[in-house]
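Here the protein sequences line up with chains H and G, keeping their order.
Under my numbering, the first residue of the first sequence is numbered 1, with each subsequent residue one higher.
Under my numbering, the first residue of the second sequence is numbered 1001, with each subsequent residue one higher.
None of the hints are false.
Mimicking PhoX-like on lysine-lysine, the simulated pairs with C-alpha atoms at most 20 Å apart in a straight line are:
hint	chain 1	residue 1	chain 2	residue 2
1	G	Lys1113	H	Lys102
2	H	Lys77	G	Lys1102
3	H	Lys13	H	Lys39
4	G	Lys1113	H	Lys113
5	H	Lys77	H	Lys13
6	H	Lys102	G	Lys1077
7	G	Lys1102	H	Lys113
8	H	Lys77	H	Lys51
9	G	Lys1002	G	Lys1013
10	G	Lys1002	G	Lys1077
Below, a sample of chain H positions facing chain G; criterion: calculated Cβ distance under 7 Å:
hint	residue
11	Ser79
12	Phe82
13	Leu94
14	Gly97
15	His101
16	Ile109
17	Ile116
18	Trp119
Since the hints were derived computationally from the structure, they do not count as laboratory data.
Cβ atoms here follow ideal geometry from the backbone N, Cα and C, with glycine treated the same way.
Protein chains: 2
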Amino acid sequence: MKDISQAELEVLKILWQSAPQTANQVVDALADASQWHEKTVKTLLNRLVNKGAVSFAKEGRAYLYSPVLQQQDYQHKESQSFIARVFEGRIAPLVAGFAAHKNLQASDIDELKQLIASWEQAQTGATDE
Amino acid sequence: MKDISQAELEVLKILWQSAPQTANQVVDALADASQWHEKTVKTLLNRLVNKGAVSFAKEGRAYLYSPVLQQQDYQHKESQSFIARVFEGRIAPLVAGFAAHKNLQASDIDELKQLIASWEQAQTGATDE
DNA sequence: TTAAATCTATTACAACTGTAATCAATAGGA
DNA sequence: TCCTATTGATTACAGTTGTAATAGATTTAA
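Construct all of the structure, not just a fragment, from the sequences and the given hints.
The structure is reproduced here in structure tokens:
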């Protein structure tokens, strides 16, 4: 799968929210959030299809587009490569940066604590699988 | 500051490790880690200078290059934009993704716990500043 | 049935990127 | 002093990206 560009990602996000959608539904959804011309959005949809990240089914006049690449898969792959590239593969420094810049809310801390709790739960009795 | 491309980042990392360095020192450092031709590395250095991310001082025959953009600043800016773009600004889901894919080590968990502890420490008595 | 509207596909084009090669200035050696 | 090696600057060139416009196919309205 070729890399998804930033503009393409915005289009993909619309399809992750709901699918399938016609090109015009996607255009409308993006009209709220961006200044993109209809032609631009259609180009992006086309490129996503060519990259294999989106599929379509002919539906008479228009096509119905659906994501092939799933959001979790995309997020995980991008996270991996981002952390590898920018933080030499270690995640804590990223979180530390947020903390240092006061970009962490109490709610984030709560979520992290819960994550840690369930991670530790999972380890208990599971001898590293 | 224009965006730093991925190849440029690799060069910048060498200068973050140690500065100032001559072009040839950078080339040598990268020769270990990559297959880049000397000319390629020099082009990247030049682009970094044009982007304002690196400065140089003439030193007779060769130049001495130093980073202008600091690693912490780069990391923080990239983290912000990455989390915004891929996780709608929330950091916990990123960590959760790592946990789900078993990409978290006990050492990561320890670091995160320490971070949380010091964050909570900082909150205590500090009425949100 | 013919024209107009509407889709997708193709083409456009400049900026940025990866990956170098060539040019121009200069420092050292013969 | 003159040639050669070296170093940064300029140029090259194809692929990607952002941002559309145009062309071609087809449906629909008159």
